[in-house]
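Number of protein chains: 2
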Amino acid sequence: MRTYVEEKNDNIQFQVSDILIKKVVHLIKSKNDTATLDFFGEYHHADIAEILDELNLEQATYVIKLLDSELTSDVLMELDEDDREKILENLSAKEIAEEIDELDSDDAADMIAELSEKRQEDVIAHIENLEQVEVIKELLTYDDDVAGSLMAKELVSVNENWTVTRCVKEMREQAENVTRVHSIYVTDNDDRLIGRLSLKDLLMASPKAHISSVYIPKVDSVNANEDIEDVARVMQKYDLEAIPVIDDEQVLLGRITIDDIVDVIKEEAEKDYQLAAGITQDVEADDSIIELTRARLPWLFLGLIGGVGAFLIMVGFEGSFEEHAVLFFFTPLIAAMAGNVGVQSSAIIVQGLANDDVKGSINNRLIKEMMLAALNGIILAMFLFLFVWAYEKEVLKALAISVSLVVVIIVAGLIGTFVPLFLNKRGIDPAIATGPFITTSNDIFGILIYFWIAKTILGI
Amino acid sequence: MRTYVEEKNDNIQFQVSDILIKKVVHLIKSKNDTATLDFFGEYHHADIAEILDELNLEQATYVIKLLDSELTSDVLMELDEDDREKILENLSAKEIAEEIDELDSDDAADMIAELSEKRQEDVIAHIENLEQVEVIKELLTYDDDVAGSLMAKELVSVNENWTVTRCVKEMREQAENVTRVHSIYVTDNDDRLIGRLSLKDLLMASPKAHISSVYIPKVDSVNANEDIEDVARVMQKYDLEAIPVIDDEQVLLGRITIDDIVDVIKEEAEKDYQLAAGITQDVEADDSIIELTRARLPWLFLGLIGGVGAFLIMVGFEGSFEEHAVLFFFTPLIAAMAGNVGVQSSAIIVQGLANDDVKGSINNRLIKEMMLAALNGIILAMFLFLFVWAYEKEVLKALAISVSLVVVIIVAGLIGTFVPLFLNKRGIDPAIATGPFITTSNDIFGILIYFWIAKTILGI
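Respectively, the protein sequence lines represent chains A and B. The working numbering puts the first sequence at residues 712 to 1171. The working numbering puts the second sequence at residues 712 to 1171.
The hints are simulated quantities; they were obtained by calculation from the structure and are not laboratory data. These numbers come from a predicted model, not from an experiment. It cannot be assumed that every hint is accurate.
Each pair may be met inside one copy or between any two copies, as identical chains are not told apart.
[As the list claims (entries may be wrong)] Quick list of in silico lysine to any residue cross-link-like pairs, SDA-like style, CA-CA up to 25 Å: (1) K1136 / D938; (2) K848 / E825; (3) K805 / V892; (4) K776 / E753; (5) K797 / D899; (6) K977 / E796; (7) K776 / D749; (8) K1166 / Q843; (9) K1104 / D974; (10) K740 / E884; (11) K805 / I1090; (12) K1079 / E765; (13) K977 / M788; (14) K776 / A757; (15) K948 / V727; (16) K982 / L1064; (17) K734 / G1027; (18) K797 / D833; (19) K929 / L731.
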């Protein structure tokens, strides 16, 4: 029997290989249930999920039906939502109910939430544990973006009036349902959270002490309606591995563990990154071409409209610059610089806002960005001036282009700084401001400013 | 005395307000040490760090010197590296040694590593605990990007040959130095990691059992030289909150906890995002204008060179297109679309590589991206065709521009897909390929392809 220690000696990361998949497919085709069970018994549920990812639906469903639901419930939760949905369609309501019965309440509610309403009722009707039905129904009432949606009901809590002896006895029972204990929460007779007992304290405590005399009357907690991004920030800031969730009356409802928060932090960062790259929906490299098109096309359309706008501006200035056609050849440069500066400044603001460390007024931010953009712009414009002067031998033209560049960079920086701050103030996710939106508007503003300044300096 | 429960009732997040800072400054100016101590005693070290962030160096140093080093050592670790460095410059080697004495080994080594070599020796000479000196020296030998640099030496480990009674006794002593126990690691007589005892198991175990009969002979572990990003992936995949670190001989060296991994995950995502936005160094909105310029100027320079390249291409085609000047007005559109598509496709690949879920060969990726880009390109080109046809009333010109757009989008998508995959294969961080690098090269390729195709179709 392979242990994790042995496996990890070579490589800490399990890798799905072609050989492994061939072996699995062969096992499944052989219909040798015992051998298949033995084979999968050696793997962690997260690894099994990776193997199933490489099988077709029929094969994956066979494995899910064959293995014990204690294992497959965890495997199902590790799969992509799309894959899980397809497999669940192949399971009966009773089979799904058995899977759900094995899950912690937060995962159980997540799995149920993905089913159609009709299916939800069928499945819930098959869950034998009525207490769990109540819990799932409660969890389903929370919106996706609040603390309540991430919490599990499973936790260890003790009453302040218990003795340590009774406490340990009750804890043993509670601990059987809890994957990781973390903290022991202390409540009063009205189930209100009043403090905690740390595991370390418990290891050190005399068995004869009273809970009310040994508990710590300090505990971080979050309201069930708190935004999950705020919960993530708090847990990260205070290095918490679990945080209890309470209602408005301070009653202990559940707890959120760090593994769910790690997912929130990662998804949030990935979403911001994708938005900055002009991808409007959460997609992965392995999604279908249709899904990827749906995520990518909207911003490309915006870019197309911006490009047409730039075209129309140039048509408008065509008459004025007939003798200076060369000026038109700098429009891609001006547009690129305006776009780059806008994306840079907006990215820093968006990231600062996400980390809650953008302090001071919008005006101060704008003044700082103006100075920064002016500094960058002047350095870059000096090089451009030298190039144009050397190439065209016309000081005035070189001056017109360079001065325009400085002004365009300053305006681009200000737009890139202002838009996310403004959106944030209005309660709109500032991340949508980075990427193509800023790039496109800066392209148009940049080219307009460029021609206007060039016209003025060249006295046309 | 304010408790966390009370504080969190209103808002889970501590917020530094102007009123609070005024109060702190007033307290510091009053030189009333007792009142200042009382005031700060109510706050979490992470909150104190946020308060210090708003004070000037002299005031912050005063607070650090006044408060107990048990508290200030944690406060110092929460500060930005720049701020910490400045405060440490105002402390004597002995004072720094006192702070370090209170820290866990990983934080202690991090703090020492930030000092100049001369200062490091001075500080180490003042650390009284010789065992800690050894530990710090060991941790300083690891590179920033390997597991060893993140691990703390403080952990709870027991020998397989101990009885549970001895185990509990030894654990009590060890637990005093460990902030959070997580798992109890089990070693053999050669200090090799052979398994673990979970805290839950310990709660349930009979006190008379032997360790060798109750431990779990399975435990995930990482080698001290493993890349920290791989460690982060493993801990996230298997939902681990701590992972033991071993050497090549399987000897238990330390452990890494999830709070450090959360920071790694976040920094990694932020770095990729900043690179995509054309920011080359890890900067924050509050950094100085010089630091921000240093991070932003390199990519802007690249953009400038790209713009000059586009200019030169257009000069080269000037003769051919004298009668079709309008074609020049579409260059910003072509450049923008090439840039946008390149950034979209590279972002998806970069993110997929970071999550280790880009499967299949480079060729398959390129074929998929080609189909995707062709689909997007044809949809967009149809709109552009209609616009140019309606505006210019010349079918051939409209056709030339639209066909170019399709080809440019396909090539941009292929470059955006290929470059990060190629860099990744060469062991270079693919994230540097997104953003201005792709944008700039796609601008130039796009405009070149555009003129070449237009020339062919228009028969010039």
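* Asked: Between K1166 and Q843, at a C-alpha cutoff of 25 Å, which is it: within one copy, between copies, both, or neither?
  -> neither (73 Å within a copy, 70 Å between copies)
* **Within, between, both or neither: K797, D899 at alpha-carbon 25 Å** => neither (45 Å within a copy, 47 Å between copies)
* Asked: How would you classify K776 and E753 at a CA-CA limit of 25 Å: within, between, both, or neither?
  -> within (17 Å within a copy, 55 Å between copies)
* Alpha-carbon proximity context of K734 and G1027, limit 25 Å -> neither (67 Å within a copy, 60 Å between copies)
* Asked: How would you classify K805 and V892 at a CA-CA limit of 25 Å: within, between, both, or neither?
  -> neither (30 Å within a copy, 40 Å between copies)
* Asked: Taking 25 Å as the upper bound on the Cα-Cα distance, should K776 and A757 be classified as within, between, both, or neither?
  -> within (17 Å within a copy, 49 Å between copies)
* Within a copy, between copies, both or neither: where do K929 and L731 come within 25 Å Cα-Cα? -> For K929 and L731, the Cα distance is within 25 Å only across copies (22 Å; inside one copy 51 Å).
* To do: With 25 Å as the alpha-carbon cut-off, assign the pair K977 and E796 to within, between, both or neither.
  => within (23 Å within a copy, 30 Å between copies)
* Should K848 paired with E825 be assigned to within, between, both, or neither, using CA atoms and 25 Å as the limit? -> within (14 Å within a copy, 52 Å between copies)
* Homomeric proximity label, K805 with I1090: Cα distance no greater than 25 Å -> Answer is neither; intra-copy 70 Å and inter-copy 45 Å both fail.
* Asked: Is it within, between, both or neither when you check K1136 against D938 at 25 Å Cα-Cα?
  -> Result: close within a single copy only, 16 Å intra versus 40 Å inter.
* **K948 and V727: within-copy, between-copy, both or neither at 25 Å Cα** => Close across copies (14 Å), not inside one copy (36 Å); limit 25 Å.
Taken one by one, the earlier hints fail for this structure at numbers 3, 5, 8, 9, 10, 11, 17, listed in ascending order.
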